[in-house]
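K.L.:
As you go down the protein sequences, you meet chains A and B in turn.
Residue numbers for the first sequence follow my numbering, beginning at 1 and rising by one.
Residue numbers for the second sequence follow my numbering, beginning at 1 and rising by one.
Bear in mind the hints are in silico, worked out from the structure with no lab data behind them.
The beta-carbon is built from N, C-alpha and C at its ideal position, and this holds for glycine as well.
Careful: at least some of the hints might be erroneous.
[To be verified] If you only want the chain B side, here are some residues facing chain A, beta carbon under 8 Å, derived: (1) LEU277; (2) SER280; (3) LEU282; (4) LEU322; (5) ASP323; (6) ARG445; (7) GLU462; (8) PRO587.
[Stated by the list, open to error] Straight line, CA to CA, 16 Å or less: simulated EDC-like cross-link-like pairs of lysine to aspartate or glutamate: (9) A:LYS149 x A:GLU319; (10) B:LYS363 x A:GLU409; (11) B:LYS363 x B:ASP424; (12) B:LYS586 x A:GLU409; (13) A:LYS363 x B:GLU265; (14) B:LYS107 x B:ASP424.
Protein chains: 2
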Amino acid sequence: MKHLLCAAAGLIFALPAFADEGMWTFDNFPAAAVKAKYGVKVDQAWLDHVRAASVRLVGGCSASVVSASGLVLTNHHCVRACVQQLSTSATDYIKNGFSAAKREDEKLCPGMQAEILYGVSDVSASVAAASAGKSGPDFLRTRDAATAKIEKEGCAGREDKFRCQVITLYQGGQFKLYTYRKYSDVRLVFAPEIAIAMFGGDPDNFNFPRYDLDFGLLRLYDNGKPAATPKHLHWSATNPKAGEPMFVAGNPGSTARLHTTEQLETLRDLVLPDTLLMLSELRGRLIRFGEESPENARIANVMLLGIENSYKGNRGRYEALLDPAMMKAKRAVDAELRAKVAANPALAAATGDPWSEIARIEKDRAVIELPYLWLEERAGYRSDLFAFARVLVRAAEEREKPNENRLLEYSDARLPLIGKRLLDARPVYPELERLALEFWLSKLREGLAADAPGTKIFLGKESPESLAAKLIQSKLGDAAFRKMLWDGGKAAVMASDDPMIRFVLATDPTSRAIRKEHEDRITAPSDRAMEQLAKARFAVYGTSIYPDATFSLRLSYGAVEGWNQKGTPVSPFTYFPGLYERATGKPPFDLPDRWTGAEDKLGKKTVFNFSTTNDIIGGNSGSPVIDAKGDILGAAFDGNIESLGGDYWYDPTVNRCVVVTTAAIAEALKKIYHQDRLVKELAGK
Amino acid sequence: MKHLLCAAAGLIFALPAFADEGMWTFDNFPAAAVKAKYGVKVDQAWLDHVRAASVRLVGGCSASVVSASGLVLTNHHCVRACVQQLSTSATDYIKNGFSAAKREDEKLCPGMQAEILYGVSDVSASVAAASAGKSGPDFLRTRDAATAKIEKEGCAGREDKFRCQVITLYQGGQFKLYTYRKYSDVRLVFAPEIAIAMFGGDPDNFNFPRYDLDFGLLRLYDNGKPAATPKHLHWSATNPKAGEPMFVAGNPGSTARLHTTEQLETLRDLVLPDTLLMLSELRGRLIRFGEESPENARIANVMLLGIENSYKGNRGRYEALLDPAMMKAKRAVDAELRAKVAANPALAAATGDPWSEIARIEKDRAVIELPYLWLEERAGYRSDLFAFARVLVRAAEEREKPNENRLLEYSDARLPLIGKRLLDARPVYPELERLALEFWLSKLREGLAADAPGTKIFLGKESPESLAAKLIQSKLGDAAFRKMLWDGGKAAVMASDDPMIRFVLATDPTSRAIRKEHEDRITAPSDRAMEQLAKARFAVYGTSIYPDATFSLRLSYGAVEGWNQKGTPVSPFTYFPGLYERATGKPPFDLPDRWTGAEDKLGKKTVFNFSTTNDIIGGNSGSPVIDAKGDILGAAFDGNIESLGGDYWYDPTVNRCVVVTTAAIAEALKKIYHQDRLVKELAGK
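Please build the complete structure, drawing on both the sequences and the hints.
P.N.:
Pasting the structure below:
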């Protein structure tokens, strides 16, 4: 087993004999190493059992099936958008929590889809054949066409229940077709109050000790009935023990551990600073917006929490990349591979010089990245109305093309989810839209300069404020109106006089043009170079390394363990009494009414949150944390602040995963919420 | 003449034979070089004439005397705070402009003081003697004591009209006692509408071509009457010509051109990113606050413009420091000096190793800087009530100590200005105070962590919001109340039950403690090492270099010149018709009513704004731009975006100073504002 920073690890920290590093695919899990270190036998039956109960939520989270009737455990912050969308000013489920008294009261989560990995096949050869010998734009076009074709054919005839997706592994070193059993009808069963789900708020986020009941329960439905899920995890309410081996099955979203130093430098010097500055200003606008009235606070809260989480995470990533020792180690890793390739003439000839190519691309990226972000990737930033209009306009155009010629996200295999997310009814708040649009347009102008052609196309002679006021007159907040345009296709979209549709029709050619330029100059040559690097890496190190995270199912192993924080030992466990000690009565350290004074009802020795050495990353939120027997002991909901460099490397001495226990959840469901129906179901009764 | 980046300049850009680099003191001006390049003879009479008319405004700006009756020209953005403080919701002079119909209508600018350099003496020996052989805390303490003593003795018996200040030059290589004629009664005479003073707003800030009437007129008063100022600049209304030599006399605030690479790295990796992130969030809060009502927009506008200016300037500085070629050149400059010192055994022995010492200090700074900033330097960030309370609490304590033992800013020579700024009446806006305090307290908690001792001392069990609500109940917005506490001294302050006074009394020991720690660990050793470096630099290069900016009077030379912006030539001139072409009618590209439709009244060939090669920096705002004869042709008000690296180096190919012409100002005063009284006075009639 090859650890990604092994080559240079000695430069940085003393590695334990076997560090718990790696987000492993289920078909390449280092079972022997785990057996050697922890004495746990992870066999195929164990893997199949866990895989069948592991859930991907399309919004960017993980989860697990915990009953025979489709009950799913995830984090509160993974259902937060749903809870918000089901709320009104009269029924604020974010503040008050949500519980369905009976199954009929469980409510559809708009846009949510749950997916369970069903089968995996290797399509590397097909994808490689399509793009073989191609370079530049052709490389990307042929690869995307092959992807669209494979995905469509893979699920042909069973699209209603299955989704096929080509997953990129090892930065293009492998392509696998993942077939998922999909559930498009996912309903909210239970969510606690935000004050306990996220006790400590932003100040405690990415920190430990921690006291968060960050869980929510969903249910998968099939043909309008709770899905039958005989394969599920057994709910254990036993406390985790120090040193106990733990496994996390989930969908880490994205890591950059195989990136070259130059790519990390672009993140450090360009992408992350710009992202952080953008998030900071939006955060400021949202904080003040929320102070204007209780209703503003209610409608802005979920967006604000998301922005704050993203800000804090990215700030940690940025600071990690400022560490000269880690960057030096990265450079050594690059140099080692390069030297080994150079020492093998055949390999050197086959590999070429992707390192120099990447360095050249990264220089080019600095020129185009900001215009690309503001005109395309961040266009309409956080405005639902803009997002709806863009999907409608682009889908109308793309659907008229053959499947394999489309923008990949509009290919036949991917359209159903886009449609669901567009058409499910959910509230749109015009004043929040105004804020988002004003912000985006002002940043677009700032990022591009007032006189840039792109700015003139988007703003014309309007100010961000005057244009936003016009755009929020759009009727796209009405799901029926969206459906009419979706069903009506290009003719309906072109004929629409909706101001947001007209705006996107007028500006989308500019967005598409910069997207194309970005693909041609950056994505295509970069992906091709990364593929060359991946092949070289396989040739040198074999497949005993793990691939970067790509929001696909992985398994990590580790153990319950604290760490040493700059000289101070941190215990891996917290308990309910600590929560009450920490509560000040002032947000975000205030308790919900149900919890105030309930201390004596709750077991003093029940572990509330705990930390483990498992290697996880954003996207793993809600992942089941599983013991050696395959039982679930908790849901991962965070990493410690030291884990934020995890995008780039894993530091076994301090990188920790933070978990809320099933024991604490069960205790709260019983003693605080009196959810006998759910308590019984979780107990398998 | 030694240019600061000369040693390594060849690495970066082709220097013209003599670059127009340098912010020269009047007693070390490179007249011979100027004569050789521009054929202009700058003799002592010329220098004395310009010096006697050059004004420092204590808020951080420059200005010049332009009539025999104390009329002073500066920038609108230098009088903006004053204009705001004189406004009410009924009379919004920021929006509508201000003009005094007669002298009696000229209004006192609260807290403003104008200073004209009167005499200079070298006190390097006295300061050096006091701190000779000292190191660490002792070094700083003895140096500050000597400074307090020299300043007090220097103006003894004439404190009412004069101010004595020890100016640090060459990072401690020289200390000079500057004696200023001070004017504490400065009144607002004229200010145009913000829409024309800052046409193009933040998008056009630091950009060119530019169309800003960024000027304001003040008058110096002496014993309640306009000051007699026989020595003043002759107001020229002739257009500047391409290539014409120009001189800028003003007070550049601060540069870091003599910093070592490690010091610049701290700015790049720690100070600037943190500052930018802070400013971004505050900007967002203020933008939204201003959108809530016209009155909120009015009271927040000046703070917002200041924040935006600071943000954009700092972002430019940050990006400049990301330039690997410039940093490489910096490293070469460091290495050259180090090598030359090493080659001279006597010098090497006297110098020691300040480079390694600075590198060590910078590592230490990374640990202490954020707590220091939030608890001390940024404490109360932008809250007037907090600032008032801190001055009252600290002055009460410090005034009881002997002059030479005080915090330097409370020494006898400095107290009068502190008192004036505290006691002059000006409006305080409770809701803006609430915003500022909530922001500061939330950032303090974020910067230090929720559980840090400092956070607990400042917040206790309050939230930022609940504490801010209590603190804005303070009565310190009332100038009479402040005077009562100021006059009452320690007894009155200790007895006060004002919530902000109580808060500062409770928290100031913590602030002082971290200030002391920061001085001991960072400032003292750093200043000492910089002094060693300065001595080494003098030994190697002599005094033919210019000192870093320290908000003291300097003269720069250059010429009217455009530049080449990434392949596109930029003309150095703009004219009134360009303003009308650029106007969209939407902020910030809208014109004031008086200007709309007035195009035909204004000379089409009058230069509006122009660019020059003069080497300036923040603090130079309002500086007279002077021709070879010594006449004033404009007021510097900005630099181009390429000049933002000017804190660290001067790039003659693109670094440009941006000026509003006296010709355009005269044209507007005549044709738009019909200010016959002022037009006559400026014409010397």
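K.L.:
Does each hint hold? Answer for all of them.
P.N.:
Taking the hints in turn, this is what the structure says about them:
no.: 1; hint: LEU277; in the structure: holds (5 Å)
no.: 2; hint: SER280; in the structure: holds (4 Å)
no.: 3; hint: LEU282; in the structure: holds (6 Å)
no.: 4; hint: LEU322; in the structure: holds (5 Å)
no.: 5; hint: ASP323; in the structure: violated (10 Å)
no.: 6; hint: ARG445; in the structure: holds (6 Å)
no.: 7; hint: GLU462; in the structure: holds (6 Å)
no.: 8; hint: PRO587; in the structure: holds (6 Å)
no.: 9; hint: A:LYS149 x A:GLU319; in the structure: violated (41 Å)
no.: 10; hint: B:LYS363 x A:GLU409; in the structure: violated (47 Å)
no.: 11; hint: B:LYS363 x B:ASP424; in the structure: violated (42 Å)
no.: 12; hint: B:LYS586 x A:GLU409; in the structure: violated (38 Å)
no.: 13; hint: A:LYS363 x B:GLU265; in the structure: violated (21 Å)
no.: 14; hint: B:LYS107 x B:ASP424; in the structure: holds (13 Å)
In the structure shown, a violation is registered for the earlier hints numbered 5, 9, 10, 11, 12, 13, in ascending order.
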